[in-house]
Amino acid sequence: MTATSPIPFSPQEIAAEGIKPEEYAEIVRRLDRHPNKAELGMFGVMWSEHCCYKNSRPLLKQFPTTGPRILVGPGENAGVVDLGEGLQLAFKIESHNHPSAVEPFQGAATGVGGILRDIFTMGARPIALLNSLRFGSLEDPKTQRLFSGVVAGISHYGNCVGVPTVGGEVYFDPAYSGNPLVNVMALGLMETPEIVKSGASGIGNPVLYVGSTTGRDGMGGASFASAELSDESIDDRPAVQVGDPFLEKSLIEACLEAFKTGAVVAAQDMGAAGITCSTSEMAAKGGVGIELDLDKIPVRETGMVPYEYLLSESQERMLFVAHQGREQELIDIFHRWGLQAVVAGKVIAEPIVRIFFQGAIAAEIPADALAENTPLYERELLAEPPEYARQAWEWSSDSLPAWTIAGIEIQGNLQSWHDILLTLLNTPTIASKNWVYRQYDHQVQNNTVFLPGGADAAVVRLRPLEGQEKITNALSGVAATVDCNPRYVYLDPYEGAKAVVAEAARNLSCVGAEPLAVTDNLNFGSPEKPIGYWQLAEACRGLAEGCRELATPVTGGNVSLYNETLDPQGNPQPIYPTPVVGMVGLISDLTKICGQGWQAAGDVIYLLGTSASSLGASEYLATIHGTVAGRPPRVDFELERRVQKVCREGIRSGWVRSAHDCAEGGLAIAAAESCLAGNLGAQIHVEVSATQLQRLDEVLFGEGGARILVSVASTQQETWESYLQEHLGENWQKLGMVENTDAGLTVLTTDNQTLIHVSIEEMNDIYQNAIARRLAISSTTT
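Numbering (the UniProt record's numbering), first residue to last: 1 to 782.
Among the hints, erroneous ones may be present.
[To be verified] Think about it this way: if two alpha-carbon atoms lie no more than 25 Å apart in a straight line, the pair counts; the simulated DMTMM-like pairs of lysine to aspartate or glutamate are:
1) Lys529 to Glu649
2) Lys529 to Glu387
3) Lys20 to Glu364
4) Lys592 to Glu726
5) Lys20 to Glu380
6) Lys37 to Asp332
7) Lys37 to Glu257
8) Lys529 to Glu378
9) Lys285 to Glu387
10) Lys592 to Glu649
11) Lys296 to Glu257
12) Lys592 to Glu718
13) Lys61 to Glu380
14) Lys249 to Asp332
15) Lys285 to Glu26
16) Lys529 to Glu85
17) Lys260 to Glu26
18) Lys346 to Glu372
19) Lys529 to Glu23
20) Lys260 to Glu85
21) Lys346 to Glu380
22) Lys249 to Glu327
23) Lys285 to Glu301
Note that these hints are calculated values from the structure, not bench results.
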């Protein structure tokens, strides 16, 4: 068949593979012929946004990716940072959004399996998992089904494979009603002498297929992940993979044992695009080619054709390049672990991917055309922000009711702040996520230092792995967090994205960890629409600036675009732009850390940072007044660095006994959460007078960066305040004191007018049971 022959596919068949007409023309030009069905499918998955980042790659180039601790940056299965003393940490975040929307249990479960493979493919043993989840309103039965299924899938896979889920975040907003987000982050400690890379090398070296068998599940999953969701997406259930965590546990052990032999030249997880992706990426990265014989691939279904082999995303599979003559050594290891292992091909000098089936060539494509030299779209940025943003920025707090201002009808409305506090604590986005994390085994491996909900970031103890020399500092640990306030990013993608990086670093600083590096998951709508591309481009600009300012280079991540669903009128509705930042930090001494709960009655409470806050984009404005408007707080990086450093040094010096970021819900919610985490009361004064015209709601529930609530033993008060004055100047204030549990939380004005007085018991019932209560009401009414 020549390039001038009639096109063997209809426009509908080409579009079904996710290929645009101009892209098909480019495929024909590169091959100098029309592709066959298998080749068309290979291009479809490899030229999808999920695999080649054709809309986002130009934007990602602005991210800082190097630093003194960065050992492996973007381009490999996971990033790797140097923790010192011979310890190296691999970490990565990935999304499984569309599969989870169609089949929440398996979609989420296989998302966990996939990110774990990214970690141990590098030669690292997985030590922790985190997740960042977004759902629609929890009052919606569909949301409840998706939410329950996703949490069950995550817990099933993580618990069975024996990796603790130690932290995460969950947001609920109608913007995610039809398109939930399931982002999973994994951490692993390098166990092999050398970091395992994915570039093939050594002409004639055998290519091994190892792990599970291949079936028809997960067909075209990469293309599915790069398309908008519709009512017909339910028909795409075959695009959702089916995982086996027990088999993956064996795969972890077999791979790490195989890597330690030195017989493995390169390794690649068969994740998105399966055999197609692993063969083409390994070949392209090594500047070589790969021949593979599909007749050698172990299968679990009969009658499969090349298209199905090449696009299947069956789970728990890997592709190795081995040193010639040592393949049997590797095969024996995998057979001992009860896994498949066969020589299915070889490395060749010609830089092509050549696939055989039943003795004939089934596909033959230049590796570079699939994995490196892929389409790239540099789109035009809007000349000015879109109308929705400009209108939102015109909002003013002056439009709020008069009772929100102190000094106006003060006597009749003071108690309303008590009700507002409880309403916000009852909001699923703010409320305790114990319904979620109680389903996770967060203590397996016995290295989890803080239980979920007890601190602003997860902390995992670092222990030397088998075969490693004992580390000098046996008390070192690693902290990790995932963060993103999507409402901030929606209203101002640039400032909102900067705030995401700042909050992630702040959460690490609140446990005493030094922020090191970032992995990101960019969840956005369609980049082909001007507003969608503006949100993506501006958020990337903000992320890049934030990472540079806080010296946290980006080691890799994931881009998930086309997160849109059709409304009843058939109009695409994008999610809020959600650039999730996963950040890791180093703790040199685990005896010098702290959680968010008060520690003892009599401790003194301080606010580090500015007292200024804003109601724009706040949870208070959205929940209490039903308004999504304003601008998120602007990030002051100079103050952010100072506040975070003071917090870390205060923890390391033993002065700071608890630390909690003032995030969603502002100061009042942060104080309530510290009371609940420590089961102790508190009395605090806020800088407002009941007799003057001042915004009470802004002081209590306004949000802003560079603000951390800490408590210090009264015996250290003088030393601590002297340190604060020296390093923060006027950017701190003493708020009050920790009290016994019976005292509850009391918030007063500077002239001792009581604004809020609430018992620990009342807050605890509202906060701890908010999610379970909604799910229970649903189950009884349905």
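### Task
Return the numbers of the hints above that this structure violates; sort them in rising order.
1, 6, 7, 9, 16, 17, 21 and 23
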